[in-house]
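Residue numbers (our numbering), protein chains in the order written: chain A, 1 to 223; chain B, 224 to 446; chain C, 447 to 669; chain D, 670 to 892; chain E, 893 to 1115; chain F, 1116 to 1338; chain G, 1339 to 1561; chain H, 1562 to 1784.
Note that these hints are calculated values from the structure, not bench results. Some clues are possibly wrong.
[Said to hold, decoys possible] Quick look at which bits of chain E chain F covers, simulated, 3 or more residues with Cβ under 8 Å:
1) 941-951
2) 1051-1058
[Said to hold, decoys possible] Pulled a few chain G residues facing chain F out of the computed Cβ check, cut under 8 Å:
3) Leu1389
4) Leu1404
5) Ala1476
6) Pro1477
7) Met1491
8) Leu1530
9) Cys1533
Even glycine gets a Cβ: it sits at the ideal position worked out from N, Cα and C.
Listed here are the chains, written in short residue letters.
Number of protein chains: 8
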Amino acid sequence: MDLPRTTDLGFARLDPDRAARTGTPEVVYAAGKTPEQTVTCLAGLLADAPLAWATRVDEATRAAVLDRWPGAVVDEEARCVAVGELPRPQGRVLVLTAGTSDGPVAAEVAFTLAACGVGCRRVDDVGVAGVHRVLAVAPDLAAADAVVVVAGMDGALPSVVAGLTDRLVVAVPTSVGYGAAFEGLAALLTMLTACAPGVLVVNIDNGFGAGVAAARIVRSAQR
Amino acid sequence: MDLPRTTDLGFARLDPDRAARTGTPEVVYAAGKTPEQTVTCLAGLLADAPLAWATRVDEATRAAVLDRWPGAVVDEEARCVAVGELPRPQGRVLVLTAGTSDGPVAAEVAFTLAACGVGCRRVDDVGVAGVHRVLAVAPDLAAADAVVVVAGMDGALPSVVAGLTDRLVVAVPTSVGYGAAFEGLAALLTMLTACAPGVLVVNIDNGFGAGVAAARIVRSAQR
Amino acid sequence: MDLPRTTDLGFARLDPDRAARTGTPEVVYAAGKTPEQTVTCLAGLLADAPLAWATRVDEATRAAVLDRWPGAVVDEEARCVAVGELPRPQGRVLVLTAGTSDGPVAAEVAFTLAACGVGCRRVDDVGVAGVHRVLAVAPDLAAADAVVVVAGMDGALPSVVAGLTDRLVVAVPTSVGYGAAFEGLAALLTMLTACAPGVLVVNIDNGFGAGVAAARIVRSAQR
Amino acid sequence: MDLPRTTDLGFARLDPDRAARTGTPEVVYAAGKTPEQTVTCLAGLLADAPLAWATRVDEATRAAVLDRWPGAVVDEEARCVAVGELPRPQGRVLVLTAGTSDGPVAAEVAFTLAACGVGCRRVDDVGVAGVHRVLAVAPDLAAADAVVVVAGMDGALPSVVAGLTDRLVVAVPTSVGYGAAFEGLAALLTMLTACAPGVLVVNIDNGFGAGVAAARIVRSAQR
Amino acid sequence: MDLPRTTDLGFARLDPDRAARTGTPEVVYAAGKTPEQTVTCLAGLLADAPLAWATRVDEATRAAVLDRWPGAVVDEEARCVAVGELPRPQGRVLVLTAGTSDGPVAAEVAFTLAACGVGCRRVDDVGVAGVHRVLAVAPDLAAADAVVVVAGMDGALPSVVAGLTDRLVVAVPTSVGYGAAFEGLAALLTMLTACAPGVLVVNIDNGFGAGVAAARIVRSAQR
Amino acid sequence: MDLPRTTDLGFARLDPDRAARTGTPEVVYAAGKTPEQTVTCLAGLLADAPLAWATRVDEATRAAVLDRWPGAVVDEEARCVAVGELPRPQGRVLVLTAGTSDGPVAAEVAFTLAACGVGCRRVDDVGVAGVHRVLAVAPDLAAADAVVVVAGMDGALPSVVAGLTDRLVVAVPTSVGYGAAFEGLAALLTMLTACAPGVLVVNIDNGFGAGVAAARIVRSAQR
Amino acid sequence: MDLPRTTDLGFARLDPDRAARTGTPEVVYAAGKTPEQTVTCLAGLLADAPLAWATRVDEATRAAVLDRWPGAVVDEEARCVAVGELPRPQGRVLVLTAGTSDGPVAAEVAFTLAACGVGCRRVDDVGVAGVHRVLAVAPDLAAADAVVVVAGMDGALPSVVAGLTDRLVVAVPTSVGYGAAFEGLAALLTMLTACAPGVLVVNIDNGFGAGVAAARIVRSAQR
Amino acid sequence: MDLPRTTDLGFARLDPDRAARTGTPEVVYAAGKTPEQTVTCLAGLLADAPLAWATRVDEATRAAVLDRWPGAVVDEEARCVAVGELPRPQGRVLVLTAGTSDGPVAAEVAFTLAACGVGCRRVDDVGVAGVHRVLAVAPDLAAADAVVVVAGMDGALPSVVAGLTDRLVVAVPTSVGYGAAFEGLAALLTMLTACAPGVLVVNIDNGFGAGVAAARIVRSAQR
């Protein structure tokens, strides 16, 4: 068996064949990296690919990226940057949020979908305290290839949505809330114990993971 | 200040004036008591009141109670017994369960309401995975003085119900579920972080507490 | 079935019929929203109602609200703002705190009651370490329609109060304390396991939820 | 809006249109139900569908089902029963387990897939302690529409698998292990924080949920 | 420095000088030991002391002890046995329980005090739901050298007691309760965060530790 | 029964008879109070007592106190202030720390003892990693009326000390440490499960509570 | 790269080259396996090795093993069985327990060492409540190649031992204890935060893992 | 028995014989110490040893050390300083990280090894999402005396590494990650439940402890 290649940067060992193996290239997780390290990783990835991107980007790193690549795509709400040309979007993922405060995580989902070449429609603030707002998105559900639901506090939205559609529901708990929300733990447990099947869960605030997963579903439908 | 009376049974000190102070007499929590202790407590309470009752009653205690008072009211599902005459019910509390497995806790709510002299209508299995089942109880909500919602697993039902009614919603998390339900913790956290206000929460599986609270609301409406 | 209306602001979808359905209008949770978003939400709600208010308001948002509506009602301790005319208060809720440090949460309860048109009497610092301070509020208990108890650290006050009154006790654990108080977890568990029935619990530091619930009880008594 | 139908059994309210809405019929969760209740639910569901099934079935319920429907499909390892004719399988899901002790959960996945009309290939005991066993399933990954990975203890297998394939990986933590495995919590957290994207997680021991989700992915690919 | 002696039994290494060093001899913790091991340990300790005792004794061990020493002192409620002559009691410790179900832990406290040669008065069921029952023990508090408070569920009793007395309050949380009592965790946290100083806490259900500590206080008063 | 007096400050209700009831006056917990509130409380307490003090005092409050009472006793390490004359110390408490970083908590113990009129000897940094340092304090143990042990990280010191002395050991877990120290939880659990009896535990970082308790032991010895 | 071999048993995939890669053969974890499965695994492993063994063996599995291999080595305390010839022991590991109740876990360590061909000396019940018992094992420490310390409850023993020796200390927390021992969590956290370096930790009750690790240390010393 | 010496600095009691007893001198844990305290400790230790070092050093302390000893060895990434001459390295420890963000903890391992006189080879970013990167370090594993694996998030790397080598694997969980990583808890639990034996675990982010342990293994091999 031949092992895939590795690009050795010293402080990091890039995996240039990951897109070939998994459909998604290696993406730079900028938290805990210096701006220089993130820029170097992006440059290394661009040696083998037309597009490279990073998540959890703070202001200093954003500036360093723009300094190196003035045309980089920057999304402040999502805290993401991309260098290179975004692919033409195919398919459609519906991204719902339970409240306005869940917006940054939904933005990370949307950015990831765009970088993966998948179309996205986002509807914000459809929390179950006014359940008619959920019922009103039925046409959007029917038009989607997959659904991503982003919710903090009680995290109850995926349970209701999954009972209304045959699309796979990717649930993203957020750290929105206080007290017994325990930084997203309440929403996480709610989603894991959702009384409706068809709900799959990612880590708290993990918009990136939800976006990659939704992109895989869309691609699966196109295979 | 004169202190209220105490009935000293040695292993227990009864509080015969509690009904006068709080509207509800002392009720025997049979868990951790021997059948003899429960019977003795009930007898002691009956010395000052027309009705006495016990919760968390196991089979041996139920037998001991029936042996002493053959006419006792027994509810096996609720694990409760009452000795004396139940008061004529006034007012109406709607008791909803999210699933059939939540039945025993709902039965404890209903038994408690009956012992408190409050009317009860129970509708089972209106989980949010089929949210139309929740919408269908709208007439029952409008006819109720208060609502008790009993739910395990994701515990999402109170969030939806509280968005549909101006009645106070007493939420009872149950230990129904497995894994990340963590014996009712998931439902408890969901209910505490419910995105709709008007939800108040009791301990996991605490049908008794929910019943007493709902009775207080009804009485408050009648004052 | 006709679905209720929704006011679509893009980043938020307001629920203008919520007051009609639940007795309380939608209230803006300002945490996680920009000052502009909170102002826009308040303006949107005022299109359908004589009063709109927001909780968890930081200094920047307070300034933005006052800039738009110079006559807004601001409560710095409660971190709340209201725009419009407060209703004339009816009924009476007794708000007790266990200690001075619980003050901001009690202020949120009081602000919420005022916005709901419910009267409020607040007595601070009646912790059980001097239990005579609790006994001394007996006349206040007798004069109230409902009681809200706000307590951090050991959270023991609701257990004692509920044994002295037939009013419903809404218990609010606070994050006051250190070490094993675990940011309010100790008080929350104490209140959930209160040995006296008639105690209902809301989320840690959730003065808003307690206020809305107490208002529902008062309105229930007036129905 | 017309609400979907409900079949009212008193202790349960069946949702006969769920298959039309979500692609999967309501399935009976037998834990916490009496054998009679489970049989009655199955009978109620069969009134509207050619196949009904139940999970978490104990021995007494299994016997009651076989007594009523002698030709029922029974899987003791999976603790599932089905009544009616299983659909012809389409597509292929690869089900991997990290160890032999994860077998019952994998069996529930496989049973669910069969009831959903989806094909399944199962390879057991490919734990990462001998990572060559994982590499050896590469041809199976390439032939699958989706992958379900079942693992207890350290729950590390999905991280490795997701780095080898572009298929969506549904990860099922199991309660296998002792001590710091904390009844599946360790594996759950590992899977939620998997360093490879493309991993989606269900509740601990929730083979049913994983099976339904995998079936949705396969159907999505066939749409 | 000379090291103290050790009695080597192979499976155990007794510490015969512990009474000289710490005022309390080594006591056998029978949980996890075979009946034979407990009997052998007791015999080994009796070689150097007039009295030896064991806690957490199950039925088989109790029988084995009585078989070897027919005159052994046995307390079934406390699950303790003692061999030898109990010392004449000196001083007085007040032992309070919040409820009848806390009895076995209080019995372990009382047994330990007796074995330590300390007098004990026990008053059961003085829970704060009827706070007058607590006020009524004021004379007992004044007559005691130290106070032990045993309470499960909300664990609120020590906070109230410590505000009424200048005696040291040793608080014992018990595992009595359900749901959010979390096997004694709620009571433990309540006691650790008691708003009144002068409360010291031992492990959940640890009547033995509370008894030894109270005995040390009494002896300290007699030094 | 006559209720004790209360001094009503509006935001606080002082308990001037607490010293008479419990041997220790009410002490101001300054965390969560404004500097003005703390000063007002101290002034209120001084109306009935020769000494008043406050804990958890930040820099602004310290300044406000010194502004009002230039002769106040200030301990920056302990974060405490006292106004009035400290009593002449009687008795002796030994205060041990496991490490230098536990110093501020030990300082709070020492300050509290001084304010209670109890003598104190403090020996720092006697951690069990060099157990001879513990053995070396044997003479100090013999000379003390009680022992306070302050330890973070593994919290193992009280277990060792309690095996060497017949004095009561008051154990104070501290939040010193990182990772699995979980802000003092590790040390707290260690101390609660200490294999040597005679260890009593207070809240994490609660030097005040440990000081008050130790003072009660000393007074008990003097009664 | 050639992948190592796999022996496919259907329900298990054995890893016959593991001994060559890691120095220890695959060992059968019998918990969660049927007796037949354990026997089949042992037989499969014996096809490639002179010795095979299993841990966590219950009575039925022990009987099945003895039925197939009457000369199997059985250790009931350790719950282990071995088939084949044990290697001649080399080197020496010192195994200490804090209490008699930790015996079964220490027995698993000792069995594992024997199966790995490593010598073992076991000294039981050297808990820190009599710290002289720890000091007394100094000669054993000096004679050992590595030390394994097995302790429940407070788990304080490794901290003390590691301060007395330059040998690596493998710490095994056990589930011995009650209440705040939380099934071994207290001991686990204590060991992870040990104030002395040189302590490495395995899972709660994991005598097998400790034994394998100690054997690697001994072998490392012999390389 | 003669007790080892102690150097009394008042706020600290140094243990100058620790190197003789345990092979590693006392090392200054600078967190929670003032710069002056750290400098004084280092000076005290240098009175008895050619080298002294400190960990968890912040910028102010680093400056104070350099001010006193301009030639001190400073590692900003590792947050460590050493004063004196580093010993000549012997043996070789392989240090692996799962990701670039784990770098500072790996740096603390490497610094500790250097101060202990042990050689180190570090390979960064070999996470299991590209498992070929792990397989590629096989030659490094074969050349090492011991292996330290540093990983956050899912913490899965040690399980894979331990299945590839007969060296002892010291696993260091890091606090890298978010949400359900829970500040390193997820990685900690993963490592404790690693399905491959031969993995020993230290506290979260405890590079120092891992370094000392690895040095003991190397020395053990040289004894």
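Contradicted hints - numbers only: Numbers 1, 3, 4, 5, 6 - these are the hints that the structure violates, sorted from lowest upward.
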